[in-house]
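Enquirer: Work the whole structure out from these sequences, hints included.
Number of protein chains: 2
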Amino acid sequence: MSSLQKKILSMVADDLSDIEKIIYKNLDPYLDIVKQTAEHIFLSGGKRLRPLLVTLCARLCGDDKGLGKRFSAIFEYLHTATLLHDDLVDGATQRRGRDVANTIWGNSTAVLVGDFLLAKSLEIAAEAEDIEIIKVVAHITREMAEGEIFQLLKRGDKNLSLDEYMMIIKGKTGVLIEGSCRTGALIAKADRKQEKALTEYGFNMGMAFQMADDLLDYTSDTASIGKETGADLREGKLTLPVIIARKNAKESDLLFIDKIIEKREFSLKEFEKFVSLLEKYQGIEYTKKCILNHIDKAKKTLDLFGNSRPKETLMLIADYVFERKY
Amino acid sequence: MSSLQKKILSMVADDLSDIEKIIYKNLDPYLDIVKQTAEHIFLSGGKRLRPLLVTLCARLCGDDKGLGKRFSAIFEYLHTATLLHDDLVDGATQRRGRDVANTIWGNSTAVLVGDFLLAKSLEIAAEAEDIEIIKVVAHITREMAEGEIFQLLKRGDKNLSLDEYMMIIKGKTGVLIEGSCRTGALIAKADRKQEKALTEYGFNMGMAFQMADDLLDYTSDTASIGKETGADLREGKLTLPVIIARKNAKESDLLFIDKIIEKREFSLKEFEKFVSLLEKYQGIEYTKKCILNHIDKAKKTLDLFGNSRPKETLMLIADYVFERKY
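Listed in order, the protein sequences are those of chains S and Z. When we follow my numbering, the leftmost residue of the first sequence carries the number 1, and every step to the right adds one. When we follow my numbering, the leftmost residue of the second sequence carries the number 1, and every step to the right adds one.
What the hints contain is simulated information worked out from the structure, not anything from laboratory work. The structure displayed is predicted, hence computed values, not measured ones. Nothing false has been slipped in among the hints.
Remember, identical chains collapse to one label, so a pair may be satisfied in a single copy or spanning two.
Derived DSS-like pairs (lysine-lysine); straight-line CA-CA distance at most 25 Å:
| hint | residue 1 | residue 2 |
| --- | --- | --- |
| 1 | 135 | 65 |
| 2 | 154 | 35 |
| 3 | 170 | 35 |
| 4 | 47 | 311 |
| 5 | 297 | 170 |
| 6 | 135 | 35 |
| 7 | 300 | 170 |
| 8 | 158 | 250 |
| 9 | 135 | 189 |
| 10 | 280 | 247 |
Expert: Now the structure itself:
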């Protein structure tokens, strides 16, 4: 664990412990299988980034009653619902080293427990008695579904454009993290300027977060042993490092890159060559620059707010997104 | 078409034509595949019962601006979303003689378009700017998911109790039709008494409608040729006629009934014997009585309202549920 990560964790330890309780308490299903399936994915080691952002953004806007935290489960449930449905869509069998829900309980249960969590997320949102929050949740849910469908349609398309990639990651991660931060502001009855700033903070954090996630598929420690990494490539998902490398590559290298993309299967040696071409043609470097750019934008939106502990934490979390593992 | 059906259709022809336009207009997806998948299921010949009930209940409570109709798409989208997910859960290949969406476009698309419709339903509901309506929609969605999961768990269980069956059909159909009628009242700003009456009307209509649907599996015209009917039996779903017959059957007949339930496969001759046992042991008769009982209750709730055309239509629709095909 890096020193930055340790510092953040020490600043939010109490919040995270409360959020954990809130997530489990709010679930309250009447069927054991729902509890088991949902808890399986809750327990699979997510960082609770979304509920934490709701909590911190609300506090930054003056929430001193823990309202943000109370409603933070909305976004963990929404996130978990999409993970359940996406794992099925992707035909994934593992997530963070654990079997995914659909391989344990079947597709049917994964779909229905996902629906349950979507509904539960909405029920909690309705308790805030603010129609604006409902609009945010509804909008996020629709954009995420459309984004996933678009990604599905574009699977295996080696000509995926930069704009199309941006659209996909916006739907995949951008809108949900944007919505988490915006809802934090709404719950705290922030003024329009503050709401707008935190919406922008969230959007940029979401984009950076997803780009970092996509980059990790080519640069994380496990890359050297070729295990788990390259999953996007196997699923036919083109991400930023590949799109940029394809743009810059000379013909013979492009042929190799495209061959791997089309095959969706590769040896460790081929994967290492693929990664070295991403490096050679600035795919890795450009992606890092993009991440940094979004992080800078995110941090700048916080200029509107005076110094405070929640502001400091939000700044550090932004830095952490860039620092993640690679 | 029966004379009752003709009469109802002539009374609601304009409403149905408006509802049709509203359903297509509100959809407005940015991806063609969403449009195709959703329209495939919209076109598969549903009766638009739910949007019609919203429209009529709102009008009964004084809505003279067509507000009920405007928001009626909420419930058709919600209904369609659950059909998409349920077909996948049931492993169904056909619905009303057409291939289901998941066999044409795959499970992934069916799941994601279902999610899109859920979200869209919510977005429209939010436009009504009434948090009570959101609470109704959220509650319905959760109860439907839990009901489906419960049904899935109980599949093939020949000891399904009457209470468990009631719980399943409440989640499957009761809450959605209840919610449609209640939302009609809410949109028209009806008083609490009227809202309560229409909630009860909807609940009883929903229960009657599902029981009638379950009965049709054993009594419709196609029963004589053994095609399509018996689908519940093949999917391991015990319904009211079977539960009652099992209660009353003498041992040798019970053995035959249970053998068929357990096998989930049967010849036309076996199916005919199965149906004759449902008749012999009052399974069919008892179910008809239950339907009639719910229909009577539904109609009685309308006593609260003075005579009007929407009231007359709601009374006739109640009668129609009992008359359906068998």
